[in-house]
Amino acid sequence: MANESLVIEDLTYGYGKHLPLALSALSATIRPGIVTGLVGPDGAGKTTLMRLMTALLLPSSGLLTVFGLDTCSNASQLHEIIGYMPQKFGLYEDLSVIQNLCLYADLRNVTTTDRRQVFARLLAFTGLESFQQRLAGRLSGGMKQKLGLACALIRKPRLLLLDEPSVGVDPVSRRELWRMVEELVDEETAVIWSTAYLDEAERCQDVLLLDEGRLIFSGPPQNLSERVADRCFQIQGISGNRRQVLARALQQQEVQDGIVQGQNIRIVLRAGHGQPALSVLDAGSEARLTPVVPRFEDAYIDTLGGGPGGTSLLAAAMTSLPRNRDVIVEAEGLTKRFGSFTAADDVSFTIRRGEIFGLLGPNGAGKSTTFKMMCGLLRPTSGTGRVVGLDLQKAPGKARSRLGYMAQKFSLYGDLSPRQNLDFFSGVYGLTGAHQKETVARMIDIFGLTPHLTNSAKDLPIGFKQRLALACSVMHEPAVLFLDEPTSGVDPLTRREFWTHINGLVEQGVTVLVTTHFMDEAEYCDRIGLIYRGRMIASGPPDELKTQTRSPQIPDPTLEEAFITLLQQWDAKHEEAP
Amino acid sequence: MSNRLRRMSALIRKEFAQIRHDPSSLMIAFVLPVILLFLYGFGVSLDAREIKIGVALQDQGKDADSLTAAFLASPYFQAHISRDEQLLEQELVAGRLRGLVVIPMDFSRQVEKDGASAVLQVIADGSEANTANYVQNYAQGVVNTWWAMRQRNHAVWDQHGAQLATRIWFNPELESRNSLIPGALAIIMAIIGTLLTALVVAREWERGTMEALMATPVAISELIIGKLLPYFILGMMAMLGSVAISVTLFDLPFRGSLPALLLSCGAFLLAALGQGLLISSASKNQFIAAMIALITGFLPAFLLSGFIFEIASMPPVIRALTHIIPARYLVTNLQTLFLVGDVWSLLLPNIGILLLLAAVLFFLTARKTVKRLR
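So the sequences go chain by chain: G and L. Take the first sequence: its position 2, counted from the start at 1, is 2 in the working numbering, and no numbers get skipped. Heads up: take any position in the second sequence, counting from 1, add 578, and you land on the working numbering.
Any given hint might turn out to be false.
[As the list claims (entries may be wrong)] Derived CB-CB ranges, DEER-like: (1) G:G16 to L:M869: 52 to 58 Å; (2) G:T558 to L:I798: 33 to 39 Å; (3) L:V609 to G:A441: 53 to 59 Å; (4) G:R115 to L:L934: 42 to 48 Å; (5) L:L942 to G:T113: 39 to 45 Å; (6) L:L604 to G:R138: 16 to 22 Å; (7) L:M869 to G:R138: 27 to 33 Å; (8) G:E188 to L:I803: 32 to 38 Å; (9) G:L377 to L:R945: 44 to 50 Å; (10) G:S61 to L:I798: 23 to 29 Å; (11) G:S61 to L:L934: 38 to 44 Å.
Hint data in this document are derived by calculation from the structure and do not stem from the laboratory. Cβ coordinates follow ideal geometry from the N, Cα and C atoms, glycine included.
Generate the whole structure from the sequences, applying the supplied hints.
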C-alpha cells in the first residue's frame, strides 16, 4: 500500500535461548509524512526494533518491510534509502565536523558537484557553519546530536531513524532538534523517533508504546490520553507538607497515580471512582481539586495499572534524624578551572535539613563539576564545600561517611550478585557483624530482591538495578544523599517508586542534592539551582521560577519553559554587555 | 569515479585522518619501533663477553702458569686467580662468579707425562643455564687453543689427529645484534598488523560508529579493504623506517634486495592484518581484542618465531606449533636478507606459506563478518 512506509507483521526477536524475548509478536504499520514515536523505558526493545528496521539484525520470526523492501533479502537496497542515527550519534570524534560530513557523503554516494550545496544547506540548518573545522569530540552534546542528524540526512532519506536522540541532551537542544525534524517531514518521508521521555511522545503524531518487548499501544498519543480524560486533577493551595499529602493521597482507594508538581500535587483517579475527600488528605483549608489536561504519562501509568503506593518501607526502617533546620550542605564560592576554561565559577548554595535541592542546567554547563566537588571527588580551585559541617577538603573521609552517593551510570559490580554487592558496600561504609547482616537482610526484604539474589547484578532488570543502587547508597543511614541523574533511562513506574523512597527519607530528616534532566523530577525539589556557563544564574522553588518567567506569550509556563526563558534572558543580557 | 571506489577511498582517507589525530596509533607505528630497535641494538645482547670466572691455581708448574695466562688473555672471561679454591667457591655461591676452573696440584706433571690424561675441573653456575653453557664451551676452547699452542712450541705435531679450523659464516663476529634486530622488525610488524588493527576495529564497535557505517550503502568488502589498506601502508612505512635505522645506525649489513624485502614483509603483513581482523570480528571490545592480540600475535612472535629461542631446541609439540606462527617465516627471511642475501630457494617457500596463512585468515574473517550486528 502506498500509504504505509513500514509494515511489521508478527515480529519476534530473541538474543539467546535463555534470555527473555527482546520483542514478541509485534505488528504495526508506520505511515510517511509524520513523526512516529517509539516510546518505552530502557530495555523495552526500542533499539532492537530500530536495528531490525535497519536490517542490522534479522527477525527471529515474522516480517518487516520498509517501502516494500524485505529486510532479510533486500538489505542493500534498504541501506540506500534510510538515514540512521544510532545512540551516541555514530560520529568519529577524532575527525572534524566537515570530515565527518565528507565521509558520510562519500559513503552515501553524494558526488562532489552536489556536495557544496548539500553541505551548505545542512550546515545552515544545524547552525554548525562556524564549527566546520572543530573535532566532533569537542562539540557539546547538543551540537553532536545535530551533526549526527546532518550525517543521517546527507542524502534525503525516505525513512529516518533516530535512536534516542534526546538522551543526555538539555531541553534547549531537545527543542531545536524537534524543530529541525518537524521541518524535514514531508509526504514521502517517514521519521521514527525513539525515546524514553514520555513527554516527547505527545509531540509525535503516532506512537508505538513498548514495554518489555510487547506493544502495549499504537496510534495517536491523544487516543491514549483520552482514556484518562476527566480523571486528572491537581491538588492546589496545599498548606501542609506536600510530600505527606502525596503519601496520604496515594493510600486512597480512588487515587491511581500521583506526583509532586512544585507546590501542587497531580493525581489521576481510578476509572469509575469519585474524587477523594480533601479532608482525609489533610492538605489545609485552602486546598482544592482543579481538573487538568491529561498527559500521555498519566494514561501510560493508568494502562499499566497505576503507580506504586505512597509509603516507603525504606524510610520506615530508618532512624529519624533530629528535626531542626540546620544548614547541612553548604557550597561557598566553588570555582573550578581546567587550564583557561572555567567549568564552575563562584557557585554558592546552602541546603537545610530535610530539603531536596536540585541542580539543573544544559550539558556542559558545570553541573557535574559542581556535583563532583560537593562529593569530594574533585578539588576546587577555590571555595569550599561542607557536608554536615565538615570541610570536604580537610576531612573528606569523615564527610563522605555521612553521605550516600548514587552515580549517574550503574556503578555497582555487575559480575557480583545483589547480595555480594550489598555485603561489599555495607562493609565499605563500615558496617560489621550482626548489624551488617541485619541491614543487608532488611534491604533485600524492602526492595524485593529475594527472587534475584543469585543473578549477576548486570543481568537484573533495570528497575531492580535502580533499587539495588539505592539500597547500596543508604545502608549506612547517611544524613545526606547525593543523586546524580538517578532516574535517567528508567521507566516512569520505577521513577515513582524511587521518589516515594526519597520523599520518605526526606521526611525522616535526610537532606538531598540531586542533578537531573527530567523536569518531572525537578518538580519534586524544594528548591532548584540553575547552572549555566559555569554560574548559578537562578535559584528558588520551582513555582517561584515559573512565576518569575511569566510573560504575555506564556502566561502559565511549565518548568521546562521557565528553564528555557531563564537561559535566553541570561544570554540576551550577556550579549549586550560582553 | 564509481560509487564503490568513492566509498572505499573515503574510508581509507578517514582512517588516515584518524591515525593522524590519534597519538596512540602514531606512537605504535613510529615511536615504538625506534624504542624496540634501540633496546635490541644497544640493550639486549645474547653474547657472553667477560664472564666472571675464578681460576683456582693449585699447581705451581710451568704449564699451569701458561694455562692460567691463557684464561686471563681470553676476551670471553674475566678471570680471578686465587690459590684458595674454597674462597672462589664461596664467590660462586654468592653469584659474583659464574664459573670456576680448578687446576689441580699435579696438573703440570700429568701434562708432561701424558697430555691426554691431564685433568682439569670446570664448575659452572647452573642457575643460569645459558651462561653455564658458555662457561663450559669457552673454557674448553681456551684449553684446546692452549694445548695446540703448547704442542707447536714443543715442535711436536699433535699425535691425536686433525685440528678443528672453525669459520663462522654470515655473522663472523657472532654479533647477536645482527640476528636480533631482524627479529625485532618482525615483532614491530606483528604489533602494527595485529594489535593496532584489532584495536581500531573494536573501537568502531565501542563508539557506535560501526553501526552507523553498516546502515549506509557501504559493502562489507569495502569496509574490510578500508581497514586493511591503511594499516598495510602504515606497517610497510614503519618497516622501511626500521630497516633504514638498522642499517645506518646499527651498521647492520643488508645483503638482500629491496624487492625481496618488500615481498617478504608484505606477505607477512597480510597474514598479521588477517589475524587482527579475525580477532576484531570475534571481539567487539577493545580490551579483550588487545588481550587476544597480545596472546595470539605478539607473544608467539616473540617466543615461538626463533627470534630469541632456537626452534630446533623446542619440544616437538611446540615445534609443530611454530609452523602456524607467521612471524617464524618472517624472522627466517629477514635474517637471511640481512646477513646472507637473496636466497630465493629459502625465501620463496616462506613467502608462499605466509600468503597461504593470510588466505586462510581472510577466508575465516570473511565467513564470520556479515553486515549485521550479530
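May I ask you to test the hint 42 to 48 Å on the CB atoms belonging to R115 of chain G and L934 of chain L?
Between R115 of chain G and L934 of chain L, where Cβ atoms are some 43 Å apart, the hint holds.
Distance restraint hint 32 to 38 Å, applied to the beta-carbon atoms of E188 of chain G and I803 of chain L
34 Å, holds
Is 44 to 50 Å a correct range for the gap between the Cβ atoms of L377 of chain G and R945 of chain L?
47 Å, holds
Would you say the C-beta atoms of S61 of chain G and I798 of chain L sit inside 23 to 29 Å of each other?
At 25 Å between Cβs, range holds.
Is the hinted range of 27 to 33 Å satisfied by the C-beta distance from M869 of chain L to R138 of chain G?
31 Å, holds
Outcome for the supplied range 53 to 59 Å, where the beta carbon pair is V609 of chain L and A441 of chain G
56 Å, holds
Range hint 16 to 22 Å (beta carbons of L604 of chain L and R138 of chain G) holds or violated:
19 Å, holds
Mind checking the hinted window 39 to 45 Å against the Cβ distance between L942 of chain L and T113 of chain G?
41 Å, holds
Take a look at whether the Cβ-Cβ distance between G16 of chain G and M869 of chain L falls inside 52 to 58 Å.
24 Å, violated
Hint says 38 to 44 Å; check whether the CB-CB distance for S61 of chain G and L934 of chain L agrees.
42 Å, holds
Range first: 33 to 39 Å. Now tell me if the beta carbons of T558 of chain G and I798 of chain L are that far apart.
About 48 Å separates the Cβ atoms of T558 of chain G and I798 of chain L, which means 33 to 39 Å is violated.
Of the hints listed earlier, those the structure fails to meet are numbers 1, 2, in rising order.
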